[in-house]
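Asks: The whole structure should be built from the sequences, with the hints applied where relevant.
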Amino acid sequence: MNILLYFWIFLKASLLSFGGLSNLPYLHRDLVALNWASESDFISAIAVGQLSPGPSGLWSISLGYLTLGWLGGIIALITLSIPPFLTLLTTSFYHQIEKFTIVKNFSRGL
Numbered sequence: 001m002n003i004l005l006y007f008w009i010f011l012k013a014s015l016l017s018f019g020g021l022s023n024l025p026y027l028h029r030d031l032v033a034l035n036w037a038s039e040s041d042f043i044s045a046i047a048v049g050q051l052s053p054g055p056s057g058l059w060s061i062s063l064g065y066l067t068l069g070w071l072g073g074i075i076a077l078i079t080l081s082i083p084p085f086l087t088l089l090t091t092s093f094y095h096q097i098e099k100f101t102i103v104k105n106f107s108r109g110l
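All the letters of the sequence shown, read from the start, carry residue numbers 1 to 110 under the working numbering.
Among these hints, one or two may not hold up.
[Stated by the list, open to error] Label pairs and their in silico Cβ distance ranges:
{"hint": "1", "residue 1": "16", "residue 2": "101", "range": "50 to 56 Å"}
{"hint": "2", "residue 1": "92", "residue 2": "38", "range": "37 to 43 Å"}
{"hint": "3", "residue 1": "69", "residue 2": "101", "range": "50 to 56 Å"}
{"hint": "4", "residue 1": "93", "residue 2": "28", "range": "31 to 37 Å"}
{"hint": "5", "residue 1": "33", "residue 2": "97", "range": "22 to 28 Å"}
{"hint": "6", "residue 1": "25", "residue 2": "105", "range": "49 to 55 Å"}
{"hint": "7", "residue 1": "44", "residue 2": "108", "range": "46 to 52 Å"}
{"hint": "8", "residue 1": "19", "residue 2": "89", "range": "15 to 21 Å"}
{"hint": "9", "residue 1": "19", "residue 2": "94", "range": "37 to 43 Å"}
Rather than coming from a laboratory, the hints here were simulated on the basis of the structure.
From the three backbone atoms N, C-alpha and C, an ideal C-beta is built for every residue, glycine too.
Replies: Here you go:
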């Protein structure tokens, strides 16, 4: 199993979805096509995710664990954390430059 490809599959699903079960189609298509996950892996991961307290997107961490062990769970956790982290960085950067006239004019034009 190619770890970088595995990371990319989970990151792509996380970047293209909005949380919860919305990344399910992306992960299902890619992981099943590569024979890295089975239908029963998805069913088990969703069941564990629904039983777990907290955000419903935790099922993908369970899927990572079921398909690649602890490393898969850690990869899934990291890739789930990257989009919100990028949003925070972008917002922080914007707040630092929003006082410039060109940025104000650009924002007003939008």
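Asks: It remains to establish, for every hint, whether it holds in the given structure.
Replies: Hint check results:
1. Taking the beta carbon of each, residue 16 and residue 101 are about 35 Å apart, not inside 50 to 56 Å as hinted.
2. For the pair residue 92 and residue 38, the supplied restraint of 37 to 43 Å holds, since their beta-carbon distance comes to about 41 Å.
3. Take residue 69 and residue 101: their Cβ atoms lie about 54 Å apart, and the range 50 to 56 Å holds.
4. Checked against the given bound of 31 to 37 Å, the beta carbons of residue 93 and residue 28, roughly 35 Å apart, stay inside it.
5. The beta-carbon spacing between residue 33 and residue 97, approximately 42 Å, falls outside the hinted interval of 22 to 28 Å.
6. For the hinted restraint 49 to 55 Å between residue 25 and residue 105, the CB-CB distance of approximately 40 Å leaves it violated.
7. Checking the proposed 46 to 52 Å range against residue 44 and residue 108 shows it holds: the Cβ atoms sit about 51 Å from each other.
8. Range check, residue 19 to residue 89: Cβ separation about 18 Å, and the 15 to 21 Å hint holds.
9. Against the hinted window of 37 to 43 Å, the Cβ-Cβ separation of residue 19 and residue 94 comes to about 22 Å, which falls outside the hint.
The earlier numbered hints that this structure contradicts are 1, 5, 6 and 9.
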